[in-house]
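A.B. asks: Chain S: place on chain Z using the hints.
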Amino acid sequence: MASHSEAIIREPLITGKDITYAQITNEVLLPVENKPNMAWWIGFALAVAGASLWVFSISWTFWYGIGEWGLNKTVGWAWDITGFVWWVGIGHAGTLISAVLLLFRQNWRNSINRSAEAMTIFAVVCAATYIFGHMGRPWLAYWTLPLPNQYGSLWVNWNSALMMDVFAISTYFSVSLVFWYTGLLPDIASIRDRATGLRRRIYSILSFGWTGSVKTWQRFETVSLILAGISTPLVLSVHTIVSFDFATSLEPGWHTTIFPPYFVAGAIFSGFAMVQTLLLIARKVLGLENYITMFHIESMNKIIMLTGSIVGVAYITEFFIAWYSGVEYEQYAFINRSTGPYWWAYWSMMTCNVITPQLFWFKKIRINIPLSWVLSIIVNIGMWFERFVIIVTSLHRDFIPSSWVMFYPTWTDVGIFVGSIGVFFTMFLLFIRVLPSVAMAEVKLLLKSSSEQAKKKLIDAGHLEPEAQADYIKALEKYDSVDLTQYQKA
Amino acid sequence: MSSTKFILGCFDDPDDLMHGIDNLQKNSIPIYDVYTPMPIHGIEAKLGVKESRLGYAAFCFGCLGATVIFSIVYYTLVHDWPMNIGGKPHFAMPDFVPFTFEWTILFTAFGMVATFFAATHLFPGRAPRVMDLRATDDRFVIAVDAKGNIPHDDITRLLKDAGAVEVKHNERKYVSYE
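For the protein sequence lines, the chains are Z and S, in the order given.
In terms of our numbering, the first sequence has 202 at position 202, counting the first letter as 1, and numbering is strictly consecutive.
In our numbering, each residue carries its 1-based index in the second sequence increased by 490.
Just chain Z, same shape as in the assembly (with noise of 0.2 Å):
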């Protein structure tokens, strides 16, 4: 039955020696079909105080406008676009997870795309708050759209890169949410079948009525594969255009075209970051860490090592570049960079994402979970500085020395960002509250070709050749779970 043959001695997707179908259902269902517990009810109290101070930032902006933040004559983008950039940076994780990674069948993508797809529509919804609250008047949102008007022939600007971001953001953010709301149906319904009353009735409503038949789970594969094939361009299209923002523009420091190849690393590098930071804790608090294992800790961790180094590349290539063009303003941007009045920024940005991720080389660390969960913090404070530098330094000195200024943020600039934080992860406990985080169906494909029991049962059954078979003992050694005392009977 099972869909592929797997090599006996590559790492379990599921680990413990005794699942079952239904056990998988129970494991997973359990945060949804009980009672949040402290460390829960802690986290969301913290996660609405900072809710709340994005609520009051926000008013505090559309009431007062675009004066309250520090933006001045000459930075006029600087922590909204920030923030806006990191957002959506992070957000692209979940669609790589989901999307990329269905497409070359990596098979340890079931047990955490649910969450990441989740994280990638609370992340995108964080970035539109600041472009919405950058318009200065959000009611004039509408304007972005092609809607005839009474305003004679006046169209949108179709060669703007802003409008090309409109249509980029939205297309990602609703996609990404049918991607998800598709994949969550039969899980939906297995919470339905085993819910009663009320909650019987919200979920039967959520489920579209699924019932699992053969057709149906046809067609979806089928739809699941087509949108990993529409969503895997996206990904890269979607940020290649935000990183057009920029290198469309003449702006020293901006203009070039490493953009494109060098954000979409960059997102998939935070976006990994963001990830571990969440299903570090997420595996730890809800128990799910028979399905979310050191292998995909640590395959995560291979990934933000690999972005991270590409990352770092296209920072040593920017400063060639500037060099190796001959244009004295590109040269000065650089310079200015990482010796000028924003030199901490700039090498707090190389120091979090180039130097720090490097220590993943060592399994010690890719495998220690603490430190892998502090290293993950480190990249999206890293990430934040990228964003930070690339548009602040190179706004702050421009062409005409008599417009140099400073950027400084206002408590309303910092409200806004500490409460995105608070929106993004208010969203996310809510989600795992009432939403399986685990793509429970995926997950119980596994079962039966790349679970440790199913290997120990090839193993009793003699599918190893005794060399074979200490070798696949000694790759077991890691996990928690496993008894070797069973293998060695074997």
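Derived from the structure by calculation, the hints contain no laboratory data.
List of simulated lysine-lysine pairs, PhoX-like, C-alpha gap at most 20 Å:
| id | chain 1 | residue 1 | chain 2 | residue 2 |
| --- | --- | --- | --- | --- |
| 1 | S | Lys-495 | S | Lys-663 |
| 2 | Z | Lys-215 | S | Lys-536 |
| 3 | S | Lys-663 | Z | Lys-215 |
Keep in mind the model is a prediction, meaning the values are calculated, not measured.
C.D. replies: For chain S alone, kept in the frame of chain Z given last:
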């Protein structure tokens, strides 16, 4: 006369389910449907389910999206309100690319998913017509239409032989119909 409407063979293992299908097919007993908590690959071929044509729908919707947005951009930027920016051509194709690309994907995604929902009769609030509540949890269920398929005991035996943990003789078609 028996009031059984459907005979359900409930398995706890997908391989046993496959044996169950084989057993029934060997004895020329038609299978109404199979319900599982997860997709089972290879089952379509066994049951003779035709390949999904959603890919064609996706392609058509993609073409529609590309045409719609390209037409809008062309009409507004080139025809209705051509702006002279530095003497550059109005019909600036590279600027059309991001919009066309995004809406191709947007239409493909929404169109295909809508087609999927329509084809499988899924929509918000639809009463769940489930034959066995555990079919979305840990049971792999073969449903056999009891009408005309008698004797029922033979079907029960065939399912049990294949490893069914439970065989149900349901008097109602759907247990969760509300």
